[in-house]
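Chemist: For the protein sequence lines, the chains are A and B, in the order given. Sequence positions in the first sequence follow my numbering and run 1 to 286. Sequence positions in the second sequence follow my numbering and run 287 to 572.
Read the hints as simulated data drawn from the structure, not as lab findings. Don't take each hint at face value.
[Said to hold, decoys possible] When the alpha-carbon atoms are kept at most 27 Å apart in a straight line, the in silico DSSO-like pairs for lysine-lysine are as follows:
#, chain 1, residue 1, chain 2, residue 2
1, B, K496, B, K557
2, B, K373, B, K350
3, A, K64, A, K81
4, A, K210, B, K373
5, A, K210, A, K271
6, A, K64, A, K87
7, A, K81, B, K496
8, B, K367, A, K210
9, B, K531, B, K557
10, A, K87, B, K496
11, B, K531, B, K367
12, B, K318, B, K373
Keep in mind it's a predicted model, so treat the numbers as computed, not measured.
Number of protein chains: 2
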Amino acid sequence: MATSSGRPLAIIAGGGSVPLHVAAAALGSGRKVLVLGIEGEADARIVDYPHEWINWGQIGRLEKLLAAHGTRDIVLIGGVKSRPDFKRLRPDLGTVRLLPRLISMMASGDNTVLTGTIRIFEEWGYSVVGAHEVSPDLVAAPGIVAGPTPRSGDLDDVRLAIAAARGIGVLDAGQAAVAMNGRVVALEASEGTDGMLERVAALRAHGRLKSRGPAGVLAKCAKPQQDLRVDMPTIGPETVTGAAKAGLAGIAIESGRVMIADRTETERRTKEAGLFVFAVGGQAAA
Amino acid sequence: MATSSGRPLAIIAGGGSVPLHVAAAALGSGRKVLVLGIEGEADARIVDYPHEWINWGQIGRLEKLLAAHGTRDIVLIGGVKSRPDFKRLRPDLGTVRLLPRLISMMASGDNTVLTGTIRIFEEWGYSVVGAHEVSPDLVAAPGIVAGPTPRSGDLDDVRLAIAAARGIGVLDAGQAAVAMNGRVVALEASEGTDGMLERVAALRAHGRLKSRGPAGVLAKCAKPQQDLRVDMPTIGPETVTGAAKAGLAGIAIESGRVMIADRTETERRTKEAGLFVFAVGGQAAA
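Working from the sequences, and respecting the hints, build out all of it.
Modeler: In structure tokens, the structure reads:
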């Protein structure tokens, strides 16, 4: 990515450490940054960077901040746990103007909120770019990410779990699956990846899934319709711990299409648990 | 199905009430029956019908019994919970002869056991027929099976859940899915249908799935590669109770391709819980 000749990259920051990582990566590549932390969500350490705090009632202020700093590119990154409470907001004029649209976006679900938000920024004249475009180490190149080389049987489970995760992605149901000893044993939907891994651990504990020693692979893939600029499947240290508790041999992700949050700690836990994290290519990056 | 002019239908009976139902249906249509109850599995009430008890060590005896009764058609029906313990068997000559083949079938998983068993019976000169061919009321015609007519939103969830269940069937992962308010919220794999329904109930109890009043549909479909003569997806009274506890509006099944065990009790519980059971057509019966 070319540097924007002094124009700061705006990072609209939800929760977690990834927004800080993106800010550091941008600075490291010679870009200026402006971190716009969402109140109640963003990590307090954003104060180490040029920053402003914003809330859902300050969309007019956000628009002015972006313009005043000469922003061209915007990254939206980090989790957002709470929904805006429109009854308690003290909306500025910019928010009031967008309120009917925001409420309708909220009512239609998470995907609509993200695509709607991108559209608003684009109407204002900005480009929304992916965090992984600013910080390419957030995603994996094909091959071993951490841990030992998968054995032949593990690679069969890698292929099967990846096929299953892609299959349910097409159904818009979930992003993850577990295959063990040549069988698909778990598919993710509303329970989420951590919930699915807890289920696999319970099935093993109750003898419903039998295997000597570590076996099985968690695969995580992007859905074909997912906008990877703002909505990437993610693994992180908790995923590794969940996979280890489920007695799995490793984790497979799509190269370039799945984010690794807190990569240093993720790799450390992977090695500590004796698992592998393996990235497969084969599907064009979006 | 034509009657076999005095030749008894052999019903190799695993657990549950369905083998008894098939025996009664065959007698009701003017056929003779011979129920061959698997020891430790079949319901004790098979003694109300012409019967013999058999175990995994008596394959030679089974072969002689079938021949002595002039059998032509065989139904394999009912659950088998335990695997044969080849170390504790006292095998007759017929079993000894088949032992290497049986052990290799067991090692390759449930599907191989079923297709391998069919092949052995066919090599002996018998036809394996589906329980639903003898007792067509075990499956549903398209339309309402029990309970009220699904509302328009429920029909959307019926379509979505059926599409998801068929989608994971293609992956050979599971046979069932739950859709709620236009989203796929659960996909079945090794936890089974009852386990998946418990998960949906827990997600609702913890507020992870929100809905006022009953909402959502459990769909159950046959996998495309499933041999419906010996391996049909099944719903029954426990499925209805599980769906009610998960707060669902109803259950959708494929017509002709999903068995309804204990239909009287299944329909009674469906009405009592205010659910619907709805059968969709559209896929050719195998």
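Chemist: Hints first: check each against the structure and report whether it holds.
Modeler: We went through each hint and held it up to the structure:
1. B:K496 - B:K557: holds (24 Å)
2. B:K373 - B:K350: holds (24 Å)
3. A:K64 - A:K81: OK: A:K64 and A:K81 at ~25 Å, within 27 Å.
4. A:K210 - B:K373: Holds, at roughly 20 Å.
5. A:K210 - A:K271: holds (24 Å)
6. A:K64 - A:K87: With a Cα-Cα distance of about 24 Å, the restraint between A:K64 and A:K87 holds, given a limit of 27 Å.
7. A:K81 - B:K496: holds (16 Å)
8. B:K367 - A:K210: The given pair, whose Cα atoms are some 16 Å apart, holds under the 27 Å limit.
9. B:K531 - B:K557: Holds, because 14 Å separates the two Cα atoms, which is no more than 27 Å.
10. A:K87 - B:K496: holds (20 Å)
11. B:K531 - B:K367: holds (26 Å)
12. B:K318 - B:K373: Answer violated: B:K318 to B:K373 is near 36 Å, above 27 Å.
When the structure is compared with the earlier hints, a violation turns up for hint 12 alone.
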